[in-house]
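K.L.:
These protein sequence lines are chains A and B, in that order. In this text, residue positions in the first sequence follow the numbering used here: the first is 1, and each later residue adds one. In this text, residue positions in the second sequence follow the numbering used here: the first is 1001, and each later residue adds one.
These aren't lab readings, by the way, just hints derived from the structure by calculation.
Mimicking DSBU-like on lysine-lysine, the simulated pairs with C-alpha atoms at most 30 Å apart in a straight line are:
hint: 1; chain 1: A; residue 1: Lys84; chain 2: B; residue 2: Lys1574
hint: 2; chain 1: A; residue 1: Lys84; chain 2: B; residue 2: Lys1598
hint: 3; chain 1: B; residue 1: Lys1310; chain 2: B; residue 2: Lys1198
hint: 4; chain 1: A; residue 1: Lys56; chain 2: B; residue 2: Lys1574
hint: 5; chain 1: B; residue 1: Lys1527; chain 2: A; residue 2: Lys84
hint: 6; chain 1: B; residue 1: Lys1538; chain 2: A; residue 2: Lys179
hint: 7; chain 1: A; residue 1: Lys84; chain 2: B; residue 2: Lys1516
hint: 8; chain 1: B; residue 1: Lys1594; chain 2: A; residue 2: Lys125
hint: 9; chain 1: B; residue 1: Lys1519; chain 2: B; residue 2: Lys1538
hint: 10; chain 1: A; residue 1: Lys77; chain 2: B; residue 2: Lys1514
hint: 11; chain 1: A; residue 1: Lys81; chain 2: B; residue 2: Lys1516
hint: 12; chain 1: A; residue 1: Lys52; chain 2: B; residue 2: Lys1598
hint: 13; chain 1: B; residue 1: Lys1594; chain 2: A; residue 2: Lys77
hint: 14; chain 1: B; residue 1: Lys1574; chain 2: A; residue 2: Lys77
hint: 15; chain 1: B; residue 1: Lys1591; chain 2: A; residue 2: Lys125
hint: 16; chain 1: B; residue 1: Lys1514; chain 2: A; residue 2: Lys150
hint: 17; chain 1: A; residue 1: Lys150; chain 2: B; residue 2: Lys1527
hint: 18; chain 1: B; residue 1: Lys1524; chain 2: A; residue 2: Lys84
hint: 19; chain 1: B; residue 1: Lys1560; chain 2: A; residue 2: Lys150
hint: 20; chain 1: B; residue 1: Lys1534; chain 2: A; residue 2: Lys150
hint: 21; chain 1: B; residue 1: Lys1524; chain 2: A; residue 2: Lys77
hint: 22; chain 1: B; residue 1: Lys1516; chain 2: A; residue 2: Lys150
hint: 23; chain 1: A; residue 1: Lys77; chain 2: B; residue 2: Lys1527
hint: 24; chain 1: B; residue 1: Lys1534; chain 2: B; residue 2: Lys1519
hint: 25; chain 1: A; residue 1: Lys84; chain 2: B; residue 2: Lys1519
hint: 26; chain 1: A; residue 1: Lys150; chain 2: B; residue 2: Lys1598
hint: 27; chain 1: B; residue 1: Lys1538; chain 2: A; residue 2: Lys186
hint: 28; chain 1: B; residue 1: Lys1591; chain 2: A; residue 2: Lys77
hint: 29; chain 1: A; residue 1: Lys150; chain 2: B; residue 2: Lys1519
hint: 30; chain 1: A; residue 1: Lys81; chain 2: B; residue 2: Lys1598
hint: 31; chain 1: B; residue 1: Lys1598; chain 2: A; residue 2: Lys77
hint: 32; chain 1: A; residue 1: Lys56; chain 2: B; residue 2: Lys1598
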Amino acid sequence: MKEEQKMSKPILATTSLAGCFGCHMSILDIDERILQLIELVEFNKSPINDIKTFTKAVDIGIIEGGCCNSENVEILKYFRKNCKILISIGECAIMGGLPALRNGIPIEECIHEAYIGGPTVQLNKNHILPNDDELPMLLDRVYPCHEIVKIDYFLPGCPPQADLIWNALVALITGDPMKLPYEVIKFD
Amino acid sequence: MENTITNIIEKYNNDPLRLMDILIDIQENFGFIGNDAVKEIALALNMSEVDVEQTITFYHFLSTEPRGKYAIYLNNSVVSIMYGQKTIKATFEKEVGISFGQVTADGSIGLFDTACIGMNDQEPAAIINNHVFTKLTPYRVREIVKSMRQGKDMDELINESYGDGKNHLPSLKSMVSSNIRRKGMVLSDNYVYGSVTKLMLPNLSPEAVIQEIKTSHIRGRGGAGFPTGLKWEFCRRAKGDNHFVICNADEGEPGTFKDRVILTEKPELVFEGMVLAGYAIGSDEGILYLRYEYRYMKEYLEDVISTMLKNNLLGSNIAGIDGFNFDIRIQFGAGAYVCGEESALLESLEGKRGEPRDKPPFPVEKGYLNQPTIINNVETFATAVRIVENGGEWFTQFGTEDSTGTKILSISGDCLFPGVYEVNWGFNVNDMLDMVGAYDVQAVQVGGPSGTLIGPDEFHRTLGYSDLSTGGSMIIFGMQRNLLQDVVLNFMEFFIDESCGSCSTCRNMPHVLKNKLEKIINGKGVKGDLADLKEWSKVLNASRCGLGQTAANPIISSLKNFRHLYENLLQRDKEFDQGFDLITSVQRSCKYVKRVPKFHPIE
Ligand SMILES: Cc1cc2nc3c(=O)[nH]c(=O)nc-3n(C[C@H](O)[C@H](O)[C@H](O)COP(=O)(O)O)c2cc1C
Ligand code: SF4
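Let the hints inform the model, and build the full structure from the sequences given.
P.N.:
If you want it as structure tokens, here you go:
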């Protein structure tokens, strides 16, 4: 990012959609640099500080997880509307990840297996399928985030390494070139 | 049943190299290749069952499930659709009472789609139990299905006249027409078969034959255009226990049918070309690899071969040349476009899945059975005879400097006189359109789906290796056609169906491109999609064979020459749209759990 575009004290928001919070754990894995991070950015809506709604315009939104239900989609759109830059982090946000394993199976079969047919279903004697209006509605398949809204950057990994997240954020905030040593982008 | 399978296997001497023949014979006799058959073949050929299965499942016309007493394969290529395939398909479905891809409960009739069957000049066409039915109409379909219901045999199903040319011969009895509309040196009737072999070969050395081919500057007629003389020379020089001559009659490129016509009208010329090649490279065995779609020619071509044997134009000491022996046999494919690729063809010849080999080594060094092998197109062999007859120098007076001789074009689509035209190289597209009676032309697909789609501002271009290179397929599209929906999308589906699946690029990227194309066609496209199409298709260059490397050509060339068609479909007010629709995507789950979708956008 060029000099003049540098952000003063950028505002950061994060969310976990159809993910496992592993990516958020990886954010926390930056260890003591979390103190530096607080110097660098101001946190807005995020599970890290438990702010539930955007209170101002945000510069960087970090998305963990893809979209498996209507709520994920609404939140993702909410982020897109309120953030200048959106970053997909981790396999699930970028490709659908583990939840997307269901994509080869018809959604009706998935629901049946989960609530009626599955070997571990013991208590649902009346074969009730959850359909309360308050519940999110399942999508026909799991979508990666960029198939729903425009995503500006992608940080791969399962989860992406803490150093990768850190380097990316620092580069984005300072405008310096991003450090990409082999260790942070090798996945085995 | 068991006995007959045993007989079939024994007919081919329990030879694993003849697995294709064994499977084809079993498929034809039983309508499928069941578990028992697989077990027995594996045992007799000393191979594993999965090896047998993987060959079966690779080919379109082989099946582990019954395909019906009458198996109907309807061509779904673009020209067939232009000539009413959808109506024909619907009529079949209505009359038979099943959908395509199914077999009736009583096992009598099966309906299947199939890629271009080489009948573009007489569509819509279908193959039923190895008989080709051309120019189908709904009335004809009803008649055919009625006869099937009555259990009539195939001969009774054919109640129309046979096609032109040699198609009426007792060994062919086919309703296919050759539609030769312009003759040149190859299709001309002024050559006396066998005269080069009998009168000239005894006085020519193999090197002299190769020299004439080299002097002629002929390049391969199958599409890639490799200099034929060089190929023969490389092969002659390559060391091996044996050398092989293979004629590539797979003719799978949609829109091409000239090899069908050459093999129907001039098979002696093709076989004589193979004999010359055998003499030139020092080989005593030739194989014609013939696509299964042309199975109806089997008896006819075998007759031609045995007549040539009788006349000492094949067999031992041919034309009295001491020690020059050469035999030809026919090997059928079983429905796979990629088997036209020469190294995939070799795999298939050896009884395996038609997956292309890594190159090098090239077939001239390690081909069939790892021996030096030349593979040439049907037309190349036929032309070679006229070259040796008249001299390489004579040949160069036809065509242009870099593309000598004539080219046989398969012309189809929106024109008055579809058929086969032999022209000199250097012909331009405008002349071609005037020649075939094509008016108000929107576009011409030159060289099939792997070639290029050109519009009127390029009709001045000429056919030749340095300008518009082509294996001969020319499909003409009139103004009334929807190029993206009817043509480009159809071609993409063709590549998706025909990929052998070895390379992840070729296995996946055509799907991705097709999805994007559909999104644009459905009005959900945005500007960025066009850039994506162009950039992403580059990935296909990393594919192993020509199929994958050219699989994006329908999109790339239409984007280049018909960009406005794409741009007209784009959404002007949106920068981003992946085509995702929340309302649609929750319908199925809501229906299943019995709830009415309600949405809560967060403000
Ligand atoms: C996917 C694919 C399909 C092909 N199909 C054919 C074919 O049907 N007939 C043919 O002669 N060549 C076909 N070719 C080209 C052959 O690989 C080979 O170049 C040709 O048979 C050589 O003969 P020629 O030099 O006489 O043209 C195909 C190539 C590819 C990549
Ligand atoms: S490019 Fe396609 S057809 Fe060719 S080898 Fe690869 S996967 Fe097979």
